[in-house]
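Model the full structure from these sequences, guided by the hints.
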Amino acid sequence: MPYEMVVLIKQVPDTKNITAKAMNDDGTVNRSALPAIFNPEDLNALEMALGVRDAHGGHVTIVSMGPPSAAAAMREALMRGADAVALLSDRAFAVADTLATAYALSCAIRRIGEFDLLFCGRQAIDGDTAQVGPQLAGALDVPQITYAREILHLAPGRICVRRLIEGGTEVVEAPLPCLLTVVGEANEPRPRRAKLAAQFKRARTRIEVREAAAFQLDPEKGKPDPALLAERVNPILADLERHGLLIPVWAPADVAADPSRCGAAGSPTKVKTIESVVLVASEHKKVEPTKEAVGALIHELAEEHVFD
Amino acid sequence: MPDRTGGVLVFAEQDGGKIAEVSLELLSKGRELADDLGQSLAAILLGHQLADQPRQLIAFGCDTVYVADDPRLAVYTTLPYAQVVSEVVADRQPEVVIFGASPAGRDLAPRVASRLRTGLTADCTNLQIGDHTDPVRKTQYRDLLYQIRPAFGGNIIATIVTPEHRPQMATVREGVMRMPQADPARTGEVVPVQVALGPEATVVRIIERVKAERKVNLKGAKVIVAGGAGVGSAEGFELVRELAHTLGGEVGASRAAVDAGYIARDHQVGQTGTTVRPKLYIAAGISGSIQHRAGMAESGQILAINTDPEAPIFSFAHYGIVGDLFEVIPKMIEAYKSKA
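The listed protein sequences derive, respectively, from chains A and B. Sequential numbering of the first sequence, starting at 1, is according to the working numbering. Sequential numbering of the second sequence, starting at 1, is according to the working numbering.
Derived by calculation from the structure, the hints in this document are not laboratory data. One thing to keep in mind: the hints can contain errors.
[To be verified] Result set (DSS-like, lysine-lysine): computed pairs, CA atoms no more than 27 angstroms apart in a straight line:
| id | chain 1 | residue 1 | chain 2 | residue 2 |
| --- | --- | --- | --- | --- |
| 1 | A | Lys291 | B | Lys279 |
| 2 | A | Lys286 | B | Lys279 |
| 3 | B | Lys331 | A | Lys286 |
| 4 | B | Lys339 | A | Lys285 |
| 5 | B | Lys339 | B | Lys279 |
| 6 | B | Lys279 | B | Lys215 |
| 7 | B | Lys215 | A | Lys272 |
| 8 | B | Lys331 | B | Lys222 |
| 9 | B | Lys18 | A | Lys291 |
| 10 | B | Lys222 | B | Lys138 |
| 11 | B | Lys219 | B | Lys138 |
| 12 | B | Lys337 | B | Lys279 |
| 13 | B | Lys331 | A | Lys285 |
| 14 | B | Lys279 | A | Lys285 |
| 15 | A | Lys291 | B | Lys222 |
| 16 | B | Lys222 | A | Lys285 |
| 17 | A | Lys286 | B | Lys339 |
| 18 | B | Lys331 | B | Lys279 |
| 19 | B | Lys339 | B | Lys222 |
| 20 | B | Lys337 | A | Lys286 |
| 21 | B | Lys18 | B | Lys211 |
| 22 | B | Lys138 | A | Lys270 |
| 23 | B | Lys219 | B | Lys18 |
| 24 | B | Lys18 | B | Lys222 |
| 25 | A | Lys286 | B | Lys18 |
| 26 | B | Lys331 | A | Lys291 |
| 27 | A | Lys291 | B | Lys337 |
| 28 | B | Lys211 | B | Lys222 |
| 29 | A | Lys285 | B | Lys337 |
| 30 | B | Lys18 | B | Lys215 |
| 31 | B | Lys279 | B | Lys219 |
| 32 | B | Lys279 | B | Lys222 |
[Stated by the list, open to error] Per the computed footprint, the stretches of chain A lying under chain B, defined by three or more beta-carbons under 8 angstroms from a beta-carbon of chain B, are:
| id | segment |
| --- | --- |
| 33 | 115-129 |
| 34 | 142-150 |
| 35 | 169-177 |
Each residue gets a CB set at the ideal place from its N, CA and C atoms; glycine is no exception.
Spelled out as structure tokens, the structure:
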């Protein structure tokens with residue numbers, strides 16, 4: 001029996017590569033200045049959904065909330081086998097905390113319609129909160145299974161999952177529909193399929209098409225005459241749409257989202273201050289890697305009763 | 001702005017009747033916050049056939065313990081716990097609610113925050129009471145909870161506030177706050193909570209639970225020898241183990257070593273691993289990222305061994321050896337054995 005599935009993914013700044021020039025004055029990260037990657041555990045979530053589709057049949061839709069550049073993650077998901085994608089992207093969604101993010105995503109899922117399973121990565125490597133999954137399940141009022149490592153059994157209306165708990169694992173059974181957050185050790189994400197990679201590398205959002213065309217027509221400022229722009233853009237969009245290559249981008253109105261519950265406006269938490277961590281280099285005692293120096297060090301530590 | 005004098009509430013996690021250490025650690029910080037607010041400290045405890053745990057919580061600093069005792073709460077599951085905790089919070093209106101950032105805490109806290117439509121900050125490394133002015137509207141707020149945490153891979157420290165919504169919620173990892181002293185003579189109130197759960201609360205069933213006794217006690221170790229990516233392999237960790245064993249210490253690891261599969265996650269030290277405060281921390285082949293530093297910066301003495309003289313770890317170590325750990329560690333083992 002086929003399962004209707006939605007996988008929530010996020011394109012994240014590669015947090016191992018942040019420098020000072022990537023920060024805005026207000027303390028938020030200038031995401032466009034960082035290399036962006038597919039959040040690692042979201043790949044595991046996608047893999048779990050594709051695994052279900054392999055075994056039982058079904059449909060995998062990807063939903064993500066992010067800046068326009070997150071279109072790259074949409075393409076990546078299509079190249080790995082997702083059936084459909086939708087990107088929530090609009091100023092009104094920006095600067096959202098986890099509650100506002102979960103709300104926006106829940107609206108998108110409501111637009112998509114009935115579902116059996118929702119999959120998220122356990123946490124994103126930029127916020128590291130692991131909150132959006134449970135808060136999304138809360139917003140949709142469905143059961144949640146966090147730290148999911150393996151689907152043991154899936155039948156109409158019921159799922160059995162092994163999940164991680166403190167110091168061990170447990171097996172839980174839940175009714176469908178429900179939401180799973182997937183841990184990195186759950187599986188090995190499949191790579192892009194060559195045929196899909198060739199096909200979907202042409203996938204674009206409306207915004208990307210418009211921007212590319214605008215700079216072609218006006219290389220200096222990218223602000224050509226609107227009529228000329230429409231004339232160039234419309235046939236391209238029509239062609240992409242015909243070939244299933246137009247990536248949908250949704251604003252609050254497209255998903256019946258109350259703007260006051262989205263973005264900064266819908267976020268109970270506010271960033272008060274951000275401090276760059278400045279590692280103050282302190283003097284350390286340099287010890288040569290020789291037998292004598294190491295021996296003296298051990299002796300010194302013993303004198304300080306460190307080994308007692 | 002909602003006016004609450006409901007104090008600070010700590011979620012007391014228990015398993016098999018044993019209260020989680022992280023919950024006790026939160027009581028000491030909770031007491032501080034409650035005192036700063038001039039309000040009370042309470043704990044909420046869910047389970048079944050609970051015995052003297054409420055009294056233990058009072059001994060560790062609570063003025064009040066809310067107890068929900070029900071067979072359906074015997075073992076942690078999300079929906080019944082989220083419902084009961086949310087109901088107590090809605091009824092008692094605390095200013096602040098804090099949870100340990102254990103797997104259960106990280107499953108429960110966001111679900112509760114979602115139900116209550118309030119803010120939650122995960123993995124706080126510090127909590128304080130302070131004032132805040134909204135930068136746009138210039139509204140002034142007094143006595144807010146500063147939720148302080150590293151973010152973006154540990155490259156920044158963020159202070160987050162929840163100015164307009166209540167309660168202000170946060171989770172804190174084990175080992176970040178100190179264990180309080182128990183005072184068995186302390187008195188407090190135990191308040192039983194009415195548990196009214198419908199069938200929709202128990203739709204998720206636990207079929208099986210497999211728990212192993214914690215084999216690695218990093219938190220209590222006086223000496224830790226930790227290996228990083230520089231160890232290069234699981235076999236390489238044998239040498240790290242040998243040094244730890246010789247010194248009577250425990251084996252630690254950086255996240256890089258764990259992710260590479262050299263050693264089990266139980267040994268991970270750092271912001272997303274365990275926070276440790278040994279008398280001696282030996283970091284072998286560890287570069288010293290901010291996330292790792294967050295987990296061991298308060299060690300008494302830090303000794304770093306790394307082939308890279310530019311490794312960040314040297315900027316906060318007390319002793320630094322630029323060398324190959326596979327040559328240095330055997331020398332250390334020999335020197336220690338011969339000194340005895």
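**Item:** Numbers of unmet hints, in rising order
**Value:** 7, 9, 10, 11, 25
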